[in-house]
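K.L.:
Residue numbers (this note's numbering), protein chains in the order written: chain A, 898 to 1346; chain B, 19 to 320; chain C, 4 to 282.
Simulated from the structure, these hints should not be mistaken for lab results.
All values reported here derive from a predicted model rather than from experimental measurement.
Treat the hints with care, as some may be off.
[As the list claims (entries may be wrong)] Taking CB as the label site, the calculated pair distances span: (1) B:Asp173 with A:Glu1071: 32 to 40 Å; (2) B:Phe185 with C:Val34: 21 to 29 Å; (3) B:Ala34 with C:Phe24: 18 to 26 Å; (4) A:Ser1346 with B:Gly170: 51 to 59 Å; (5) C:Ala64 with B:Thr72: 51 to 59 Å; (6) C:Val34 with B:Ala34: 54 to 62 Å.
Ideal Cβ positions, reconstructed from N, Cα and C, are used throughout, including at glycine.
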Amino acid sequence: MKNFKKVLALLLCAGMAASALAGCGEKNNDTSGAAGGKDGEAVKLIWFTEQMDDIQHERWMKYVVTPFNEANPGYEVEISATADYEQVLKVQMAAKNGPDICNMGGPTITSEYVKGDKVLDLTDYVTESGLDKVIFQWALDSCKVDGKIYSIPNSYEALMLWYNVDMFEENGWEPPTTYEELETLCNAIQDKGLIPIAFGTSDFKAINEQFVSVAFADYAGRDNVVKALNGEMKWTDPVFKSSIDCLNTMWQNGWINDKKSHAISDEDSNALFYSQQAPMRMTGTWQLGTYANQIQDFEYSAVPFPSLRDGVPPTLPLGAGGVVAINANTKYPDVCWKFIQSMFDNKELHAQSVAEGAQTLPMDIPEELYPESMNPVDKEIIGMLEETQKDLSAAGHVMWTYWPAETRQYMMDNIEKIYLGELTSDEYLEKTQEIFEKELADGKVPAVS
Amino acid sequence: MKKSFLKDKSELKRWAGLFFVLPAFIYHFIVVIVPSLKTLYLSFFDWNGIGNPTFVGLDNFVEMFTTDEVLPVALKNTTIWTLWFVTVPIVISIFVAVWVSGVKHSKLQMFYRTTYFLPYVLSAAIAGKIWSNFYNPYYGFTTIFKSMGLDGLADIMWLGDPKIALFSVAFVSNWSWWGFVMVLFISALQQIDPTLYEAASIDGAGRARLFWHVTVPGVSPTIVFIVAMSLMWSILSFDFVWVMTMGGPGQATELLSTWIYKNAFVNYRAGYANAICILQSVIVLAIFFVNQLVRKKVEEAV
Amino acid sequence: MSTVKKRSPILNVLIHAVLIFLAAFQLFPLVVLFINTLRTDVEIKHMPIGLPEHASFLNYAETWVKGSYAVAFRNSIFIGACVIVIVLVGAGLAAYGVARLKIPGRNFFIGYFMLGMSFPAFMYIVPLYYNFSEMGLVNTHASVIIIYAASYIPFSMLLIRTFLVGIPRELEEAGKIDGCSEFGVFLHVTMPLSLPILATVALIVFVWCWNEFLWANTFLTTDDIRTVSTRFYKFVGEWSRDLAKIYTAGMIALGPIIVLYLCLQKTFIEGLTQGGVKG
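Chain A on its own, in the form it takes in the complex:
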C-alpha cells in the first residue's frame, strides 16, 4: 500500500509540475480559424498543409507566408502542418470545423468535399483575378467539378525514368526511347548482374499506380486514356489490355526491380539507386529536392519513359501534385483568396523557392528568373516539364489526379495480383470498368481534356 501511494503521489506530483510548467496544460488556442480577431489584434487564418520538415517550413514562411503577412497588416496566416493530414482534415471538416485554407492531395479528393458543400466555389475569384490566364489550362481544368473551379493546383509533377549518368557513360548506354531500346538496355544491365529499374511498393501501395499510369500513357497513348476517362471507351478495350500485358511482361522480365518490387519499400528502391545497384529508377519529379541532397557520388538525370508501342511518343504522365482550397466555413473568404493568389503573383520569389527545392506552381516561369546557383539537373528537368505542358501531345495522365478514388484504389492494390499470377489482365480490367462505371454514374469522375 505504502509503495503504491508513493508511486501515485510521484505521478501526481509529476503531473502537477508538468501542468504548471506547461502553463496549466489547458490552453485553448482555437485553431478552428473560425474565431475572429479582436480589435487591434491580427486576424489569424490557418493554412493546413501536409506534414513538412523544418526546411520546407522555412521555405514556405520565407517565400509565401511572411511576404503575405507583411503586405496585409491585420491578417496573419499561420501554417498548421500535421501528419496524416488528409485524415485529420477529413475529421475536422466533417465535424463542421477545420482550417481556413487547406491543401489537398488532388482534385478528385476536393470533389468529395464539394459534395458536402465544405469548400468554396472559386470560379469567380479565378476569372476576376485573371489567374485563369496564369495557371496552365490543363491544370486548372483538372480542378473543375461540374464546370466550376473549387481548388487551385499548387504544384505539378510528372513521372519520369531517372538514370545514373555516370554508369550509362561508363557502359556506353543511352536512355531508351522505344520498347526495343529498353529491352536491349535492360538485358545489358541484367547481364552485369544489376537491377534495371529500381521500384518498390511494399509500404505504400499507391506507388503501384506510377507504372500503371506509365503503361497507359506510353502504350495506349494519351487519346485513348482521355476517351476512357470520359466514358467514351471501355477499360476492357484491347488497347488497355495490351498495355497491362506489356507492363506485366516488363515485370516478369525482371526489368522492374528484379521481380521484387512488391517486397521492398519505396525507400529501399531509392537505396538501390543511390548505391548504384540499379542504374535506373522510376519515380516522379517530386524527388528533385531529395536526390539533390542524397546523391553525391554520381550524376543523375531523367527522361520520359520510352514509347511502348509504335505510333505512341514517349509520354510524360503529368498531373497536379496537390491543390489548395478554401473552407466554406471561413469568415474571411476574400482574404483566403488573396493569400492563394499571392502565391502566383510574385514569380521571382517563386523561382527562388523552386531553386531551393520547392515544387513548381503550374504557371510559366521565365528561365532567367531562376538564380544562377540552381542545380543544373533540376533546371533541365523543370524545363522539360514546361516544354511538355506547352504541347500536350506528349503529356499523359497520372492516376492520382484523374482517376476517381475507388477505381484508383482497386487498380493500385490489384496490379500486384497480375504480377503474381493471381489475376489476369482481362479480369483486372473488367472489374476496373465495373467500378469506374459506377463512379462515373455517381459523378465522381472529373471531365478530362
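Use these hints to put chains B and C onto chain A, whose structure you have.
P.N.:
Only chains B and C this time, still in chain A's reference frame:
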C-alpha cells in the same frame, strides 16, 4: 453504516452497490457509445465521410455479402491472424511468466521482464520499419541465410510472397505483443496462494504437476480473460499490417480493419466502412457470448 | 517452501537458455535501431542496416531540440498521470462493484465493457470532434484525457475484476465483521490486496497514453501541447523523411517507459519475495 442496517436492508444495499459501477459506465457511455451511435446510423447511408449522406437502406449490407470480393479475403486473413494471437503469444507468455517469476536473482528477473516488454512500447511505425529492413531481400535475413548456405530460406521474399506475408507480419506483431501478455500473467501469478504449492508438493507432486494442478487453475480466470481480449484485439488489429504491407501484396494481408480504413479514408466510402464496422461488432458480440459461458464455468470452478 | 522439489539441473539450464535467447531476440531489433541512431540519414538511406562510419550522438541532441521533446515529455506525462488517476478510480470502483457486490445486472456490465472495448476509434472520432469543438475542448489536453480515460476504462475494469475474483473472500468478510462499511472494506482490504494489478493497470495505461497517435494527432494541433507520440513526425517531410532522426525519436520515447516500468515493478518483486510464489 451499522451492522443491523446492512442485514435489514440487504436489498437496498444491492442497489446501492450500483454506485460503484455507474460512474465508469455513464462516463464511458457518454464519451464512446453516444457518438458511435450516430456513426452506426450512418451505415444505412451512402456517405463519403464528409457531408450530405443519402439514405440507401440496406444497400451497404447487401453489397458486403454479395459484390465485395475483398471482404471474404479480409475475413479469412483476420481469422488466421486471430487464431495466431489466441494461441502463440498466450502459450509463450504463460510459460515465460512462470519461468521468469522463478528467477531468484532479482536484478536478472527485472532485466528479463523489462526486455520482454520493451518491444511493446516501441511505436509500431518504427518497429515495422526496422523489421521491414530485416525482411528485405537484398540485405536483410537473406544475407545471413545465404552465408549459412541455406539458399532455400534465402530466396524467400518475406513480405512479397502472398502465402507468407501475413505470417511475416504476424511474427513481428507477436514479437511486440507477447511481452504485454506476459506482464498480465505475472500479476496474475501473484495471487496464487503459496500454501497451495506447499500442500501439493507435500503430496509429492513434481514440477509439471504443480504447473498443471496449481498454476494453471490459479491463473485460469486470467487465461479466459486474455483469450477474450486477444480475440477482440486481433479483430481490431491494424498497425503493423498498415505500416509494413498496407494489406498487400495484392490482398494477401488485408484485414478487416485495413479494409475498413481503406473504404473510409482512401475510397471515401465512410457509410460502407461503417457497415463493415457493424459486422465487426457482431462478430465481437458472438465471441462475447461464448466467452460468457466459458468464463462462468471457469470461475465457478475456482 | 523448501519442500518444493528442486528442478533438475538440466531443465534449469535449458530454461535459462530459453530466457536468454528470448531476451536476445526481443532486444536485437532495438539494438539495430540504436546503432542506426548513431548514423547519419545519408548513410541509412544508402544502406538501411549497417555500422556507423563515425558513431555520434549528434542525432540525439538535434532530435531533442528540433522535436521540442522537453515540452512533449511534460505534456505526455501530465496527460498520462491524469488518465491513470481517472482510470484507477473509475475502473477500480466498478471492478469491485461487479466482482464483489451482488449488484443487479452484473453480467450486463461485464458484457457492456467487453463490447465497449471493441469500438474502433474511427466509429466515434468525427462526432466526438464535433462535440468537443462545440465545447471548446479541441486543442486542449482535457480533450485527449477525457477520451483516453474513457477508452481505457473497460480493459482496466475487466482486468481488475478478473484479479479480484481470484482473491479469497474471507479477508473481506473479516473486514466487514470488524465494522467496516462497504466503502471502507474496499479501501482498506481490497485495494491493498490488489496492489500488483493496480500497478500493472497504471503501467499499461501509461504506455497506451504515451504511444497513442490517432487521437493526439487529430485533437492536438499546436506544437506546444502535442505529445511525444506525434513528435517524430516533425522529421517527416512531404516527400522524404529523416530516418536517422525518426529512429532517434523512437529511442528517446522509450526512456521514460523503462524508468516507470522499473519503478512500478519493484512492487511486484517485493510482493513476490514476500509471498514466495515459485513456478
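K.L.:
Which of the numbered hints above does this structure break?
P.N.:
3
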